[in-house]
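Chemist: Spelled out from the first residue to the last, the chains are:
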Amino acid sequence: MSEDIKNTSCRDVPDGELVRRSQGGELAAFEELAFRHEEKVYSLAMRMLRHEQDAEDVTQQSFLNAMENLQSFRGDSSFSTWICRIAIHGALKLIRKRKSRSMVSLDETAGEEGDHGTIPHPEYIADWRESPEELVHRNEIQRLLEEALSGLDEKHRMVFLLRDVEGFSVKETAESLGLTETNVKVRLLRARLQLREVLTRTLGDPDTRVVRHHEHAR
Amino acid sequence: MKCEELLAMLNEYVDGTVDPSVCMEYEKHMAGCDPCKVVVDNIRKTIILYKEGKPYELPLTFRNRLHETLRQKWPKSGPGS
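Chains as they are written, first to last, in this note's numbering: chain A, 1 to 218; chain B, 1001 to 1081.
So that you can see chain A by itself, here it is in the shape it has in the complex (with noise of 0.2 angstroms):
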């Protein structure tokens, strides 16, 4: 990080003091809001869109956009979520664009596969050795988590990247991405069971592995 860049006067201030001081004028504090959250939108950013230069764009542009709506922001959430808000939306919209150049919505459900069809069962059960604590720091476990991700359809990574990682409410979810309430709780099943999967081959334990001793239905 540009040390050298950052105003340590900021240092140590909350977000919402940051906020305030932000509005009142300060840059400095502004960019220190930008240093804290940039790495955070930027990763929310990669893993929507899968491509740096958009990524970038998006993160810029948020930021641009939280400045001049700052005087509207009235702390109702954090500046955290507000900011990924803004984030969200701007991936979203270009997603809309590309998908536009491509004659396919975003939010088209006609013709999904497996949408209402049956849920795929669980097939390799096992505990993890570690704990996700114990994994969240590791690079590799980072790249494992990435390439499980975007083995996921772009349908299902969205919904799981807003429900789960971003917290928004099944609601809120099925108002960004244009979808029913179903359709959602579907896709993050979907999604959930896909990732757990995934990562259990490579983070399970095989001495724990259980098999299933009755059929699921498939």
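Where hints are given, some of them may not hold.
[Stated by the list, open to error] Simulated DEER-style distance windows between Cβ atoms:
| hint | chain 1 | residue 1 | chain 2 | residue 2 | range |
| --- | --- | --- | --- | --- | --- |
| 1 | B | Met1001 | A | Val211 | 16 to 22 angstroms |
| 2 | B | Ser1077 | A | Asp153 | 45 to 51 angstroms |
| 3 | B | Met1001 | A | Gln71 | 49 to 55 angstroms |
| 4 | A | Gly75 | B | Pro1075 | 16 to 22 angstroms |
| 5 | A | His51 | B | Val1022 | 39 to 45 angstroms |
| 6 | A | Val13 | B | Asp1015 | 33 to 39 angstroms |
What the hints contain is simulated information worked out from the structure, not anything from laboratory work. Keep in mind the model is a prediction, meaning the values are calculated, not measured. Built from N, CA and C at the ideal position, the CB exists for glycine as well.
Assemble chain B onto chain A, guided by the hints.
Modeler: The following block gives chain B in isolation, referenced to the frame of chain A:
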């Protein structure tokens, strides 16, 4: 409750939005069904990992460019004015 019924309501159980009476049935089933118990545990951990992860580092050149842009665009009379 059968495994497939549990699977169908997995979201509601993991999210804590399941009806209390169904929740009891769910837990009763899991007490006697290791595979379902482990699947639920795996899914909870999967969600935590994604939620807590910081998958991408901000490219340094982009960080510098972003802050340069923010400084350029910062209105002299304050934001939103």
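Chemist: Taking the hints in turn, state whether each one holds.
Modeler: Verification of the supplied hints:
1. Met1001(B) <-> Val211(A): 16 to 22 angstroms: holds, 20 angstroms
2. Ser1077(B) <-> Asp153(A): 45 to 51 angstroms: Since the Cβ atoms of Ser1077(B) and Asp153(A) sit about 47 angstroms apart, the hinted range of 45 to 51 angstroms holds.
3. Met1001(B) <-> Gln71(A): 49 to 55 angstroms: At 53 angstroms between Cβs, range holds.
4. Gly75(A) <-> Pro1075(B): 16 to 22 angstroms: Holds: the Cβ-Cβ distance is about 21 angstroms, inside 16 to 22 angstroms.
5. His51(A) <-> Val1022(B): 39 to 45 angstroms: Between His51(A) and Val1022(B), where Cβ atoms are some 42 angstroms apart, the hint holds.
6. Val13(A) <-> Asp1015(B): 33 to 39 angstroms: holds, 34 angstroms
The structure is consistent with each of the numbered hints, conforming to all of them.
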